[in-house]
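J.: Here's the letter readout for the chains.
Number of protein chains: 2
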Amino acid sequence: MTRIACAQIAPQLGAPDANSGVIVEQIRAAVTAGADVIVLPELATSGYMFDDADEARAHALPAATTSFANWIGAAGDAIVVGGFPEIGPDGLLYNSAVMLDATGVLGFYRKSHLWDREKLIFTPGAAVPQVLATRHGAIAVMICYDLEFPELTRPVALAGAELIAAPVNWPLFPRPEGEHPGEVINAMATARASKVAVACCDRTGVERGQPWTEGSVVVSPDGWVLDSVGSGAGIAIADVDLSVTHDKSLTAHVDLFGDRRPELY
Amino acid sequence: MTRIACAQIAPQLGAPDANSGVIVEQIRAAVTAGADVIVLPELATSGYMFDDADEARAHALPAATTSFANWIGAAGDAIVVGGFPEIGPDGLLYNSAVMLDATGVLGFYRKSHLWDREKLIFTPGAAVPQVLATRHGAIAVMICYDLEFPELTRPVALAGAELIAAPVNWPLFPRPEGEHPGEVINAMATARASKVAVACCDRTGVERGQPWTEGSVVVSPDGWVLDSVGSGAGIAIADVDLSVTHDKSLTAHVDLFGDRRPELY
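Sequence order for the protein chains is A and W. First residue of the first sequence: 1, per full-length UniProt numbering; consecutive thereafter. First residue of the second sequence: 1, per full-length UniProt numbering; consecutive thereafter.
Just so you know, these hints were derived from the structure itself, not from any lab. Since the structure is predicted, the reported quantities are computational estimates derived from the model, not experimental observations. One thing to keep in mind: the hints can contain errors.
No copy labels: a pair is met if it fits in one copy or bridges any two.
Straight-line C-alpha distance at most 20 Å; calculated EDC-like pairs for lysine to aspartate or glutamate [claimed, not checked]: (1) Lys248 x Asp116; (2) Lys119 x Asp52; (3) Lys119 x Glu263; (4) Lys248 x Glu151; (5) Lys119 x Asp255.
So that you can see chain A by itself, here it is in the shape it has in the complex (with noise of 0.2 Å):
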């Protein structure tokens, strides 16, 4: 088993030391809970709402491991994964998530699918997630928006991830009475389309006005809810086989990934 945990925190705008306080407060509670995978939000040192690409370069971090120095020391034997605002070697922003664990950083993510007014910020990202082989499962990063699109969702589960694990900043929208987010209900059906389970981390704390899903939920490889955080700070945490995601059969005679027909597509 797996246990997956996704941290539901508040980023504050312009307080990176006190972001990076609360991040290493939620690894480390998370690492005492036991978790193997730990998710963080997308832009979890900086916050969202920047007004302009000047506001989000004042609080972008080069990817490398300095910048990453005080995650990987409350790491344990966790994998963490978080968002944070990129500053190229080229000199442009990107929307980025790191995976880590005690001994350094595993790999970066570059957002491919820039959601709304990060397009007047970020430059989109030029390559897929890669599934990245841990020692807690195979992990492919995706970062919010990303997750909306099944020509992303479904070639990382084809590459054989396990785990797709989500920052995301989910600006809330209205819903039906009693239905999960729309997004909770995507994250469900990626799960579902593919055997593959999948750990979104969204944040809470309105921002510049802006509200949150706070959807953050770990969802099973049959696509159900396992659990989640809901309104406020919290950490949603579950565990998980992924073994069950090698075998993409329901019945004798449904497989999921041979069921497909690529010459059709």
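For chain A, the structure is supplied; the task is to place chain W on it using the hints.
T.: Relative to chain A, chain W alone:
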């Protein structure tokens, strides 16, 4: 507005005349209720739980206007979509659907993703669904398991489908208390991902020991269930403004199709 109806009936194996009577009665009822588009279940003329190909062959119909004369006679001003076992000119069996109106047959579609034991009986269709322009909207027909493949649902939306009309027979799977059936969650996510309406017409009535999800739903282009039938026979019916599907934007800088990154896929 387009009034979309899904008539959840209980086809009986080996009783084609009784099934035909129920189908015509339900088409008339939906027309009387003002339906513009009427969806019937998969294999509505025959029932589903064939023991083998011989039994299916005994109830199969040619894909011809004559097979659906009574449907055509009852269609009024509506477009009708429903499933039947097809005996092809090649002598092979297909799990097919017809789209028709009062003027005759508008199109046929052969299920391209066969579920479970269907593989022992039917030949999979060799073509993806067409998007048919009707006076009640641009409609793509899929059958049941087809819907679970984003490789199929995304392209029909990109090709201009306003509505995916899906005859289904969803065998009952367990689900957590309070959750929509997984198949409905998938339909909601499909609608949401591409801003397209989705109407799924399931069946009822235990057949040879097989219970059904009874999950008929009309899903709006923003991914919410507008109406459902629930347990037993009945009609899900809802008005949908299909013109909203022409504009894939959600905000000033978000466009569900424009935001795709085809150069990466």
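J.: All hints are to be evaluated individually against the structure, with a verdict given for each.
T.: Now the hints, each set against the structure:
Taking identical chains as interchangeable, the C-alpha atoms of Lys248 and Asp116 lie at most 20 Å apart only when they sit on different chains, with a minimum of 13 Å there against 35 Å within one chain. For the identical chains of this complex, Lys119 and Asp52 are intra-copy neighbours only, at 10 Å inside a copy versus 56 Å across copies, given an alpha-carbon limit of 20 Å. Proximity of Lys119 and Glu263 under a CA criterion of 20 Å is satisfied inter-copy only: 18 Å between copies versus 35 Å inside one chain copy. For the identical chains of this complex, Lys248 and Glu151 are neighbours both inside a copy (19 Å) and across copies (17 Å), given an alpha-carbon limit of 20 Å.
With identical chains, the CA atoms of Lys119 and Asp255 are at most 20 Å apart between copies only, with a shortest distance of 12 Å across copies and 39 Å within one.
Checked against the numbered hints above, the structure violates none of them.
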